[in-house]
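Residue numbers (the working numbering), protein chains in the order written: chain A, 5 to 696; chain B, 5 to 696.
There are no misleading hints in this set.
Note: identical chains are not told apart, hence a pair may lie in one copy or across any two.
In silico DSBU-like cross-links for lysine-lysine, where the CA-CA straight-line distance does not exceed 35 Å: (1) Lys72 <-> Lys195; (2) Lys206 <-> Lys72; (3) Lys695 <-> Lys617; (4) Lys155 <-> Lys195; (5) Lys309 <-> Lys421; (6) Lys685 <-> Lys291; (7) Lys150 <-> Lys546; (8) Lys206 <-> Lys155; (9) Lys424 <-> Lys464; (10) Lys121 <-> Lys199; (11) Lys301 <-> Lys424; (12) Lys421 <-> Lys464.
No lab work stands behind these hints: they were computed from the structure.
All values reported here derive from a predicted model rather than from experimental measurement.
Protein chains: 2
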Amino acid sequence: MFCSRFTLSLVLLCSSFGLFAQKSASISSPNSAISLQINVAENGNVTYQITYKKQIIVEPSLLGFSLKRPEIQLNKFQLIDFETSTFDETWKPVWGEVSSIRNNYKALKIKLKDKTKADNLVNVIFRVFDDGVGFRYEFPQESAIKHFIVKDELTQFNLAGNHKTFWIPGDYDTNEYLYNTTKLSEIDAIKAANKETDIALKSVIGINTVQTPLMMKTANGIYINIHEAALVNYPAMNLTLDKTTFTFTSHLVPDAVGNKAYLQTPFQTPWRTIIVSDKAADILASKTILNLNEPSKITDVSWIKPQKFIGMWWEMHVGKATWEKASGKHGANTENVKTYIDFASKHGFDGVLVEGWNEGWEDWFGNWKENVFDFVTPYSDYNIEELTAYAKQKGVRLIMHHETSGSATNYERHFDKAFKFMQDHHINTVKTGYVGRIIPRGEHHDSQWMVNHYQRVAEKAAEYKIMVEAHEPVHPTGLHRTYPNWLANEAARGNEFNNAPNLGLVPEHETILPFTRLMGGPMDYTPGFFHFQLNQYDASRKTRVKTTLAKQLALYVTVYSPLQMAGDFPENFNQHLDAFHFIKDVPVDWDDTKILEAEPADYITIARKQKGKENWFLGAITDENGRKSTIKLDFLDENAKYEATIYKDAANADWQTNPEAYKIEKRVVSNNDIIELSLAKGGGCAISFVKL
Amino acid sequence: MFCSRFTLSLVLLCSSFGLFAQKSASISSPNSAISLQINVAENGNVTYQITYKKQIIVEPSLLGFSLKRPEIQLNKFQLIDFETSTFDETWKPVWGEVSSIRNNYKALKIKLKDKTKADNLVNVIFRVFDDGVGFRYEFPQESAIKHFIVKDELTQFNLAGNHKTFWIPGDYDTNEYLYNTTKLSEIDAIKAANKETDIALKSVIGINTVQTPLMMKTANGIYINIHEAALVNYPAMNLTLDKTTFTFTSHLVPDAVGNKAYLQTPFQTPWRTIIVSDKAADILASKTILNLNEPSKITDVSWIKPQKFIGMWWEMHVGKATWEKASGKHGANTENVKTYIDFASKHGFDGVLVEGWNEGWEDWFGNWKENVFDFVTPYSDYNIEELTAYAKQKGVRLIMHHETSGSATNYERHFDKAFKFMQDHHINTVKTGYVGRIIPRGEHHDSQWMVNHYQRVAEKAAEYKIMVEAHEPVHPTGLHRTYPNWLANEAARGNEFNNAPNLGLVPEHETILPFTRLMGGPMDYTPGFFHFQLNQYDASRKTRVKTTLAKQLALYVTVYSPLQMAGDFPENFNQHLDAFHFIKDVPVDWDDTKILEAEPADYITIARKQKGKENWFLGAITDENGRKSTIKLDFLDENAKYEATIYKDAANADWQTNPEAYKIEKRVVSNNDIIELSLAKGGGCAISFVKL
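Required output: the full structure, derived from the provided sequences and hints.
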């Protein structure tokens, strides 16, 4: 790291009356596109302001805290000192969308003392990147405050206009909402939440409170994303809007007694992130959240592998089978699972997820019951020894399922033995689940205790060389850099909501996800549904998949994850094995990624280069509108030929009337070529480019 | 079990108006001293009444519940059916005050249905013993209610007069109060709690709420004790008094969100116990609470052994050493602990407790901090490998200390590894501690989650063949019958409070404890202080031990426990090795016990016969008044001679002015003899009778 003071301008203004004294400091990003100004006013208010290409993006916005213990307001400060530095490093993720990532920023650390008690110290650290700003509070060891309880974080984001906003209701327990697109002034989180009858457990915060990642677009075409990075030992941040000023204030998720966080100096909060660009594609390409996270804490990463898998799961959703054994149509029995292993082995998949394998599903949900599963007791018709041997012989691994039913205390009591049990059965990936009200009772999915819990699970799993993906956890914040065994999360409305009877999904959903939820990290979205009317096993079912088949394929590229499920089950895949070929071929780890086109709630086209290979894969999706687009193939190597296999919507395809109409074409292309995409309503296109 | 209906009289009274119909049933104890009458009124109120020797002890008192989910009142019932039975069995405890226990009662089970929803079923099971009544609610499997949340238990205890009462304030987190002796009408729990500045964490319930075991004495000399038995998966019961009617109502300890218990049918509540006698001694001799608990769930009990131990503990209390290492006077260093092992070995003790052995004590208390101890990391100056080997060679075992600082979640995450660590170091007894606010935050020491936690620890310990004693837990309720490895608990104001600077202890304290706290089970009271002015290592200290030395000896008999500490440290014991001989000799397991004299808050004299031996031991204690008493030795075997060694207060002894004045006399006695006891103010007498 290179430290300097030359980038800072410190201005001390004293009026002739001696009453007005304020200090300000400013710093710019390496390419000067973004600048940050800090102001410490005479009355002690500390504000920051962010400018992008000379336009104010975040107007002067207050910083500070309200503490419960000691019971003080920490929002009137004197500036003691400041430090600046620049940083420029390129690092290689264990897996990812690109094989190397540049982390380049200018930093400013301001050292503040509490105006009312001078030995209470708070620092604020700002990092200004070319595509955004991250800042965090630091409570240094030297402060008089040692142990403290946060009542409220007072951080504000004072926006410069009534922006178009892609939002979901602020909530302590779920992030599985459909996205709403409105102006800031039109946000009504209560109304939006009231429509969400598909979500079993909601803890809505208030009419003006929304979740992050929050995506916005200004009237003059600037894209702004607010989120947080490195959410460690702290509750998740929601944002509460003042509609008169378009100012958001941080709203942290409380614990059982209403406190927000129990902390001890030295402590650094998560980073508050503001990513800005006049190109939507730059938002998707941003690595700022990852860069703000710490490097891997796992030194030997040789056992961590991106994976594709199928699973005993969608059968239960559509009513073909059940999780519980008592129903008489138990999915996870030995013979059924062997057919999955056979299919996975035949098509080169890494894993087979099995849900409903363990005792407890007869009474697992909705009663805030603490001791449901023990994570080591298979149902009597599930011969895990036999299946372990069978899978091994077929070159496939089982993937474990640990549904906790929200009882995190019970999971923590068992997780050592549960992970040991996995090790003993050659299983090194676990899907965890947190359906239902949290135990410890009164805690929330997104409160500090649970944020720590998810991390404990990732750390404990790493001790056993186990990879994790969590369902129903807090929103991700780039911690997969620090814990690369934490491959993915759900933490959003997944493809499974196609089967939800009420709001379900809408075709634009996957065009918003990358701008919102995916800003924090990979999602186990479970693409790959090949059967669209979901009444195959239950004629009364009115649900259906709200994409075309080609779009289901394209999602493997547009929804990035190192852990991708082929969501449907073998019987349905076997109906379209030609299309299934794309899922077989598409990798889950990449050397490079190009965001070719993107507009939230409208469309996304992404090309990615396979890790360690010369092949490229392209995914293009649209919303409810059909779309034509011309894609230049200039991302391909010069002077090379590629066999392009194009999986596209047929001319008469339509997500509502004809979703299964697709065409597969092959063509030899080079980097001078273009491809004309024609996406159906709710459609997509997937292309593999194999270097010849 | 023998079932019959012949003991029940069922009366159906119908008035000529057809408006009045009530049903009543009555049952008597095997010896008919106690009778119980149940009444189901026309309006659905169900009451019970208890009579002792024809005097009403508990006037008609309501039964019922208020549920949170489903949100109903369960207190208006119709009687469906009833069953009666008698039971008479004699069983042998793994350890105890007597070698065999008779469990003899008549039982009545009434089956009730909710008047407002007939498929909501509740049964109440009554057992009537010769010395009291126990009753519990049963929520049967057949009920329409499956999962339910208890808002309040509505059980009442409607007493017949303004009795003299020995009480401590109702509290969710501590039972370490001094006892108050007042009339019922004079109870003021707030005032009493406000005086208790020695207790760090109090959660007082209200002016009229007190804890159980609650001891009372009526104006005409009847002793009544109210408590609970078999507190499993349920919060502890406090009692709230209506001073106009002298009616107590159950007040259960809430969880973080104010709920009392999360339950599922079939479920049985703990037993509510009312023990009654016109002899105070009978209260102490009662085995009803034990009898109401389930037999041992541990089948192989060969590894469970009553024990005497010393420990690195009081040194820290009196300022000779510290728990934390950073102070520079760390008690638990290898050399210091070797001197304890040497002393224990020389005097035939089983164990050496070591507190402050593990990292974390520099910042362990008062900040609701979750991750303090890991229970497996010794301080660098504590060589546990060396000490394990040293202790083994000396025929002594170390006793482990697991202070959780109230962070039960953290303990549960570690307890498997912690118990394995003990096993690896030849340690099979653990003293747990719960100093501080509970985590899960919002839970209380006495709430359902923590009640389950203490049991989980006992069960988990049993898996590792480890014995447990818990400090700062919920009040015991006889569960040591079911978990005989759960040897003892603190759960009251212990001998350590002699060192508390404010209220501290009073001489009557130990004459009340057996009538209150000890009704639920053994206590690690840590008797055996031999040094009385506690300024030995800190001249500023004003505290002192509030007994005579002879009384410290007598406590080994009057305060029953299978796990007895010699509380002081070797240096102080060495000043009085002649008196220490009694502590060496006194056993911790008994074939028989005779309560020779007893009056709460005045005096207790108990004789006990050593397990498997012919020797007897007697302890006599008094309150702040000196006392003379003549004890018949008719409990000794006929036709045998015993050498009695009498450890008594010297003529000029006085707890305040001359506590260390004792005399030791030897005498040969037989069962025709008497011994004249002369106890000093705050004094006692201890006698060993060795059969010749």
